[in-house]
Amino acid sequence: DAGVIQSPRHEVTEMGQEVTLRCKPISGHDYLFWYRQTMMRGLELLIYFNNNVPIDDSGMPEDRFSAKMPNASFSTLKIQPSEPRDSAVYFCASSKTAGDPSTTTQYFGPGTRLLVL
Amino acid sequence: GNSVTQMEGPVTLSEEAFLTINCTYTATGYPSLFWYVQYPGEGLQLLLKATKADDKGSNKGFEATYRKETTSFHLEKGSVQVSDSAVYFCALDPDNYGQNFVFGPGTRLSVLP
Chain A
1 DAGVIQSPRH EVTEMGQEVT LRCKPISGHD YLFWYRQTMM RGLELLIYFN
51 NNVPIDDSGM PEDRFSAKMP NASFSTLKIQ PSEPRDSAVY FCASSKTAGD
101 PSTTTQYFGP GTRLLVL
Chain B
1 GNSVTQMEGP VTLSEEAFLT INCTYTATGY PSLFWYVQYP GEGLQLLLKA
51 TKADDKGSNK GFEATYRKET TSFHLEKGSV QVSDSAVYFC ALDPDNYGQN
101 FVFGPGTRLS VLP
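Protein sequence lines correspond, in order, to chains A and B.
Residues in the first sequence are numbered from 1 upward in steps of one, following the numbering used here.
Residues in the second sequence are numbered from 1 upward in steps of one, following the numbering used here.
Note that these hints are calculated values from the structure, not bench results.
Wrong hints could be hidden among the right ones.
Computed cross-link-like contacts, PhoX-like style, restricted to lysine-lysine with a CA-CA straight-line distance of at most 25 Å [as the list claims (entries may be wrong)]:
| hint | chain 1 | residue 1 | chain 2 | residue 2 |
| --- | --- | --- | --- | --- |
| 1 | B | K56 | A | K96 |
| 2 | A | K68 | A | K78 |
| 3 | B | K68 | B | K56 |
| 4 | B | K56 | B | K77 |
| 5 | B | K52 | A | K96 |
| 6 | A | K24 | A | K78 |
Partial chain B-side listing against chain A, Cβ under 7 Å, derived [as the list claims (entries may be wrong)]:
| hint | residue |
| --- | --- |
| 7 | V11 |
| 8 | P40 |
| 9 | G43 |
| 10 | L47 |
| 11 | P94 |
| 12 | D95 |
Far from chain B, by Cβ distances over 10 Å, these chain A residues were calculated [claimed, not checked]:
| hint | residue |
| --- | --- |
| 13 | P8 |
| 14 | E18 |
| 15 | V53 |
| 16 | I55 |
| 17 | D57 |
| 18 | K78 |
| 19 | K96 |
| 20 | T104 |
| 21 | G111 |
Glycine included, every Cβ here is placed at the ideal spot set by N, Cα and C.
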């Protein structure tokens with residue numbers, strides 16, 4: 001299995017520009033999560049989907065952030081307009097509801113390192 | 001509410017030293033407990049997990065035992081290597097559905113040759 005795939009791995013942009021981060025979850029997983037990691041705040045859950053439907057977006061910082069999941073194999077996180085304080089590592093993770101705690105876990109992608117100048 | 005507390009780092013050890021990273025949790029119900037490891041420049045990888053009291057998770061020489069009486073899940077390794085240098089995250093899944101994970105702040109480990 002290829003694991004969770006994220007692109008791009010690195011992104012440098014200027015303040016005010018639109019940024020789109022992409023994620024392909026593990027095939028067969030029905031949950032997808034977007035996290036943000038910074039030195040100051042650690043790992044924060046931004047939003048998660050179940051069967052392509054957003055379930056909890058309470059962690060999305062503000063209206064500049066939006067996420068979509070048009071199908072089971074693709075999700076995007078968009079920031080428009082971007083600001084320097086958005087600089088962070090953004091992780092996508094996926095999991096499969098199995099009903100058995102021994103097999104339920106979240107698998108993380110390698111992350112996108114975003115720098116907004 | 002649900003929360004995870006980890007010992008603050010960084011932790012610096014010499015190669016072959018014994019490692020303990022403390023983790024305690026607060027949760028309603030019976031959560032599953034996890035340790036994830038993040039190597040430099042990479043995402044989080046599952047290191048080990050335990051799903052019920054007294055279970056021991058183990059992987060790559062690391063161990064952690066689910067202690068319900070002390071609400072703890074301390075990570076241990078008998079002899080660390082330079083390649084173990086990473087950030088270690090303790091986490092819990094409060095309802096065992098793989099959704100509402102709660103992560104600790106992470107503990108950075110540096111192992112010197």
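Take a quick look at whether B/K68 and B/K56 sit within 25 Å of each other, Cα to Cα.
holds, 12 Å
Is the shortest C-beta separation between B/P40 and chain A less than 7 Å?
Nearest chain A Cβ about 12 Å off; hint violated.
Would you check the hint for A/K68 and A/K78, treating anything up to 25 Å between C-alpha atoms as holding?
Cα-Cα ~8 Å, so holds.
A/K96: least C-beta distance to chain B exceeds 10 Å?
Violated, since 7 Å does not exceed 10 Å.
Hey, B/K56 versus A/K96, does the alpha-carbon distance stay inside 25 Å?
holds, 23 Å
Holds or violated: are the alpha carbons of A/K24 and A/K78 at most 25 Å from each other?
At roughly 15 Å apart (the allowed maximum being 25 Å), A/K78 and A/K24 satisfy the hint.
Non-interface claim for A/G111: all C-beta distances to chain B beyond 10 Å?
violated, 5 Å
Regarding the hint that B/D95 lies at the interface with chain A, is the smallest CB-CB distance below 7 Å?
This hint is violated: B/D95 lies away from chain A, its Cβ roughly 9 Å from the closest one there, beyond 7 Å.
Using Cβ atoms only, decide whether B/P94 comes closer than 7 Å to chain A, and label the hint accordingly.
Check failed: Cβ of B/P94 comes no nearer than 11 Å to chain A, outside 7 Å.
Evaluation of the interface hint that places B/G43 against chain A, nearest CB under 7 Å:
holds, 4 Å
At 10 Å, judged by beta carbons, does A/K78 keep clear of chain B as stated?
For A/K78, whose nearest Cβ neighbour in chain B is about 20 Å away, the distance exceeds 10 Å, so it holds.
Minimum Cβ distance from A/D57 to chain B greater than 10 Å, as the annotation requires:
holds, 14 Å
Consistency with the previously given hints fails for numbers 7, 8, 10, 11, 12, 16, 19, 20 and 21, ordered from lowest to highest.
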